[in-house]
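Participant: Okay, here's what each chain looks like letter by letter:
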Amino acid sequence: MSTPPSPAPAPAGPATLLSDPVKAWRDWFVRNEREWSEALTRLMKDDGVARAVGQEINTALHAQQMLAQGMATPLALLNLPTRDDVVALGERIGQLEDAVARIEAALVQALRAGAAGTAGTAHAPARTRQPPKAAKASAARRR
Amino acid sequence: MTGDYEQRRAALAQLEQAMARETAVTPKELIHARGTLRLYRYLPQTADVYRVPVLIVMSLVSKPYIFDLAPGQSLVEHLVRAGFEVYLIDWGTPRAEHRGLKVDDYVAELLPECVEQVRAYAGADSVSLLGYCLGGIFTALYAALEAPAAAARGRLANLLQIATPINGAGMELQRALVGPGALDPDLIVDTFGNVPASMIEGAFQMLRPLQKASGRMSLLNHADDPAFVKAHLRIVRWGADALPFPGAAFRQLANDFIRGNRIVEGRYEVRGRRVDLGRIRVPLLHVVAEHDHVVPAAASRDLVRLVGSRDKDEWVIKGGHVSLVAGAGAVTRTWPRMVGWLAARST
Chain A
1 MSTPPSPAPA PAGPATLLSD PVKAWRDWFV RNEREWSEAL TRLMKDDGVA
51 RAVGQEINTA LHAQQMLAQG MATPLALLNL PTRDDVVALG ERIGQLEDAV
101 ARIEAALVQA LRAGAAGTAG TAHAPARTRQ PPKAAKASAA RRR
Chain B
1 MTGDYEQRRA ALAQLEQAMA RETAVTPKEL IHARGTLRLY RYLPQTADVY
51 RVPVLIVMSL VSKPYIFDLA PGQSLVEHLV RAGFEVYLID WGTPRAEHRG
101 LKVDDYVAEL LPECVEQVRA YAGADSVSLL GYCLGGIFTA LYAALEAPAA
151 AARGRLANLL QIATPINGAG MELQRALVGP GALDPDLIVD TFGNVPASMI
201 EGAFQMLRPL QKASGRMSLL NHADDPAFVK AHLRIVRWGA DALPFPGAAF
251 RQLANDFIRG NRIVEGRYEV RGRRVDLGRI RVPLLHVVAE HDHVVPAAAS
301 RDLVRLVGSR DKDEWVIKGG HVSLVAGAGA VTRTWPRMVG WLAARST
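For the record, the sequence lines run as chains A and B. For the first sequence, the positions run 1 to 143 when the working numbering is used. For the second sequence, the positions run 1 to 347 when the working numbering is used.
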């Protein structure tokens, strides 16, 4: 549920309409983008606009369903895999990856148990770390 | 002219390879796997660690490497170096067979299972949960359901919520898009099973339509600054790396959270149990961004008001949705404050 932010821009050389008009235009766009985007999203929040956009997507989804159904037979006649066939292949590869991950996790757990058996908590640092006193006091006051 | 173009292409390819090499490199081990879920433990880098481990819970639709973007720009690395034992849940990429996974499965089964794994592996009574965005909804729902009876010690020590939407009415654009007579969430799920990643990415772009264009212009303006280009492309690459949304979970959130606004109204149910955020009593910190266009303040601000914790706080940080977990401001300002808050409550 995330979208990339623009990283904090490093100071760029000043551009003016005379020295570099294209760069100056880009600077102007970047400076104003947030406001323009907000204006556009305000427009899309309007019930009528949102309904129109939603119905447009609904229509595309219905078309997608019909296309998928309509393509199945021709692809089978041409002896070509359908989307479902490719998805099924992907599923099997994914299941193999999952199985390998389960084995890896089991090995890590077994090694950990073995190390603990022979050398106590071999890889575990002591759980005794303390925060700075001021931070601890401040937290205690809030509780 | 062509030579210059080829040179630039080669330089960009090199840069992308370098970025890939630097991403998610904090040393870790896989301690649990179930389906596409992976539970990682980051190897401690200090002589001693805080008593309470931290479990990071990511959103379903974004890859968790945003928490470990690159050395020096990694929340995970920051926490590990500050003396925390850090675990992370990667929900993985759902396949067609996972179309039936509901929010209930994540909150009442997969997340509790990971908490138990962490407690057992770390040998700790309780854990701190750090939930980001949709992951924050999961941690909040879990915390409310898992809250022990008064005076009893629970499995949860602290809740650190980052940009967590809790009030569906505050998600104005999403609410308008799935409103009466508009986009039909059931039709998406019936068509695709899981909501495709391309639709997720498109939905994020609708929330700030010109940001991508602005980013490209910004990139051109700083093309001679390799550090800027790299930092920019890292985030862009992550943003374009969205994951499909498991169909049933999407349907449930669209209907019960966005349309029905049941969490804030105390009518949300997980496997037949009503969720009351007021039952959350553990220390809670909600970190939100001032200019968050994905989770606006109207969607997130009610969390602190609704929980029953005495020790609770909300920090509003300058910046946007992702700048809480990545970027220069996070490294120098937000994370040190978060570490301070967590450390004081992790002994």
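Quick caveat, the hints were computed from the structure, so don't treat them as lab data. Fair warning: there could be bad hints in the mix.
[To be verified] Just a sample of chain B residues kept apart from chain A, beta carbon distances all over 10 Å, derived:
id, residue
1, Y121
2, D190
3, R259
4, V270
5, R279
[Claimed, not checked] Below 20 Å or equal to it, Euclidean Cα-Cα: the simulated SDA-like pairs (lysine to any residue) are:
id, chain 1, residue 1, chain 2, residue 2
6, B, K28, A, R42
7, B, K63, B, Y121
8, B, K312, B, R279
9, B, K318, A, V30
10, B, K28, A, I57
11, B, K28, B, R81
12, A, K45, B, G123
13, B, K102, B, D184
14, A, K45, B, R259
15, A, K45, A, I57
16, B, K212, A, A126
17, B, K212, A, R102
18, A, K45, B, A203
19, A, K133, B, G340
20, B, K312, B, P148
21, A, K45, B, P180
22, B, K28, A, M66
23, B, K230, B, Y5
24, B, K318, B, R279
25, A, K133, B, P148
26, B, K28, A, P81
We treat Cβ as the ideally placed atom computed from N, Cα and C, and that holds for glycine.
Participant: Decide, hint by hint, whether the structure agrees.
Facilitator: Hint check results:
{"no.": "1", "hint": "Y121", "verdict": "violated, 7 Å"}
{"no.": "2", "hint": "D190", "verdict": "violated, 8 Å"}
{"no.": "3", "hint": "R259", "verdict": "holds, 12 Å"}
{"no.": "4", "hint": "V270", "verdict": "holds, 19 Å"}
{"no.": "5", "hint": "R279", "verdict": "holds, 17 Å"}
{"no.": "6", "hint": "B:K28 - A:R42", "verdict": "violated, 44 Å"}
{"no.": "7", "hint": "B:K63 - B:Y121", "verdict": "violated, 24 Å"}
{"no.": "8", "hint": "B:K312 - B:R279", "verdict": "holds, 13 Å"}
{"no.": "9", "hint": "B:K318 - A:V30", "verdict": "holds, 18 Å"}
{"no.": "10", "hint": "B:K28 - A:I57", "verdict": "violated, 42 Å"}
{"no.": "11", "hint": "B:K28 - B:R81", "verdict": "holds, 14 Å"}
{"no.": "12", "hint": "A:K45 - B:G123", "verdict": "violated, 49 Å"}
{"no.": "13", "hint": "B:K102 - B:D184", "verdict": "holds, 18 Å"}
{"no.": "14", "hint": "A:K45 - B:R259", "verdict": "holds, 14 Å"}
{"no.": "15", "hint": "A:K45 - A:I57", "verdict": "holds, 16 Å"}
{"no.": "16", "hint": "B:K212 - A:A126", "verdict": "violated, 47 Å"}
{"no.": "17", "hint": "B:K212 - A:R102", "verdict": "violated, 39 Å"}
{"no.": "18", "hint": "A:K45 - B:A203", "verdict": "holds, 13 Å"}
{"no.": "19", "hint": "A:K133 - B:G340", "verdict": "holds, 11 Å"}
{"no.": "20", "hint": "B:K312 - B:P148", "verdict": "holds, 18 Å"}
{"no.": "21", "hint": "A:K45 - B:P180", "verdict": "holds, 13 Å"}
{"no.": "22", "hint": "B:K28 - A:M66", "verdict": "violated, 46 Å"}
{"no.": "23", "hint": "B:K230 - B:Y5", "verdict": "holds, 19 Å"}
{"no.": "24", "hint": "B:K318 - B:R279", "verdict": "violated, 30 Å"}
{"no.": "25", "hint": "A:K133 - B:P148", "verdict": "violated, 29 Å"}
{"no.": "26", "hint": "B:K28 - A:P81", "verdict": "violated, 39 Å"}
The structure does not agree with the numbered hints 1, 2, 6, 7, 10, 12, 16, 17, 22, 24, 25, 26 stated previously, though it agrees with the rest.
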